[in-house]
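So the protein sequences, as listed, match chains A and B.
So the first sequence is numbered by numbering that gives the first Met the number 0: it starts at 0 and just counts up by one.
So the second sequence is numbered by numbering that gives the first Met the number 0: it starts at 0 and just counts up by one.
These are calculated hints, taken from the structure and not from any lab test.
Since no wrong hints were added, every one of them can be taken at face value.
Listed next, the in silico PhoX-like pairs over lysine-lysine satisfying Cα-Cα at most 20 Å (straight line):
(1) B:K89 - B:K2
(2) B:K176 - A:K81
(3) A:K32 - B:K89
(4) A:K81 - B:K177
Cβ-Cβ distance ranges computed for the label pairs, FRET-style:
(5) B:T95 - A:V71: 47 to 57 Å
(6) A:A96 - B:G119: 45 to 55 Å
(7) A:Y78 - B:P35: 34 to 44 Å
(8) A:L10 - B:M179: 36 to 46 Å
(9) B:I135 - A:Y78: 28 to 38 Å
(10) A:L101 - B:L5: 48 to 58 Å
(11) B:L223 - A:F27: 21 to 31 Å
(12) A:T64 - B:K9: 40 to 50 Å
(13) B:I147 - A:K34: 44 to 54 Å
(14) B:F225 - A:V71: 25 to 35 Å
Just so it is clear, the structure is predicted and the values come from calculations on it, not from any experiment.
From the three backbone atoms N, C-alpha and C, an ideal C-beta is built for every residue, glycine too.
Below are the chains, spelled out letter by letter.
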Amino acid sequence: MNIKVAFLAILLMALITYIPRVLPLAIFRKEIKSKYIKSFLQYVPYAVLGSLTFPDILYSTGALTTAVCGTVVALILAYFEKGLVIVALGAIITVYAAGFIL
Amino acid sequence: MKKNFLYGLKRGIPIALGYIPVSFTFGLMAVTGGMPVWMAIFISMSNLTSAGQFAGTYLILHGAGLLEITMTTFVINIRYMLMSLSLTQKLSQDMTLPRRMLIAFGVTDETFTVASMEHGSLSFFYLLGLITGPFIGWSVGTALGAFICSSLPEALSNAMGIALYGMFIAIIIPPAKKSMPVIFIIVISVLVVCILRYIPLFSSISSGFRVIISTIIGAGLGALLFPFEARDNNIQEMRE
Chain A
0 MNIKVAFLAI LLMALITYIP RVLPLAIFRK EIKSKYIKSF LQYVPYAVLG
50 SLTFPDILYS TGALTTAVCG TVVALILAYF EKGLVIVALG AIITVYAAGF
100 IL
Chain B
0 MKKNFLYGLK RGIPIALGYI PVSFTFGLMA VTGGMPVWMA IFISMSNLTS
50 AGQFAGTYLI LHGAGLLEIT MTTFVINIRY MLMSLSLTQK LSQDMTLPRR
100 MLIAFGVTDE TFTVASMEHG SLSFFYLLGL ITGPFIGWSV GTALGAFICS
150 SLPEALSNAM GIALYGMFIA IIIPPAKKSM PVIFIIVISV LVVCILRYIP
200 LFSSISSGFR VIISTIIGAG LGALLFPFEA RDNNIQEMRE
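Just chain A, same shape as in the assembly:
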């Protein structure tokens, strides 16, 4: 990782995060009426996080078998709504343990 490039990327991220927050507050006085645009905007996070996670999660630990174990545990914990930290910890511990067993 190049520190200068990373720093520039972070500044751009900060700017690009701020712009959608500030523009409507600073300029607009009306609400979006189109239900399609409203729906699209609300669906975006799911689409982004879904396509960031799969299939990359399978390559995240260096071994496909441990990654599959971690993924399954994460899915189960998330299904029972255990929260971000528990799900992440559960996946880490599973991968760590599976690394010794498999």
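For chain A, the structure is supplied; the task is to place chain B on it using the hints.
Relative to chain A, chain B alone:
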């Protein structure tokens, strides 16, 4: 004025407490991925967002280009437009332009949800109080996670490669359980990203643009097939 600020501060405390474990995990993850401690903290203090900075950090750690990082962050954070737009309807008369610009920085899924549920109009000092706690919680949590990570054994940090994905799964699965459109959107997006990744024809498309393309197709199809009438109730479900 002071009363409004203190009331806002009080309303923000549960959000701040909720942010600490999440940002802690973020700090841990960023430093495990090879980022300096100060940089992880700087990301949290300057971005103050979850999904957008997770994705951006992920791309930075994987050596993605600036255009990809910027576009991915933009696509994720474009939803804030909807929230800020909705907030403009409730602002009180004391919201001058500089005040609006300051408050805009603190618009998150959670502060938006709390603010939009208040009765009556939103004053500047209430909003300032509301965003103060979450900002501190997010920054302090990141710092704790980043510092603790520096002293972790290496065997464990290998297993932590999965942490970020675990968090993503924790964000999308609970709402997916309750909503067919959300399941549909996730499946379509993952399908598109796999096609772009594994079919050699598309091998020139970089990872960041794969995500952007599959997001636009997934969320776009979702909006066309399942436009919803009720306003804003999904925002609460996708938080954390």
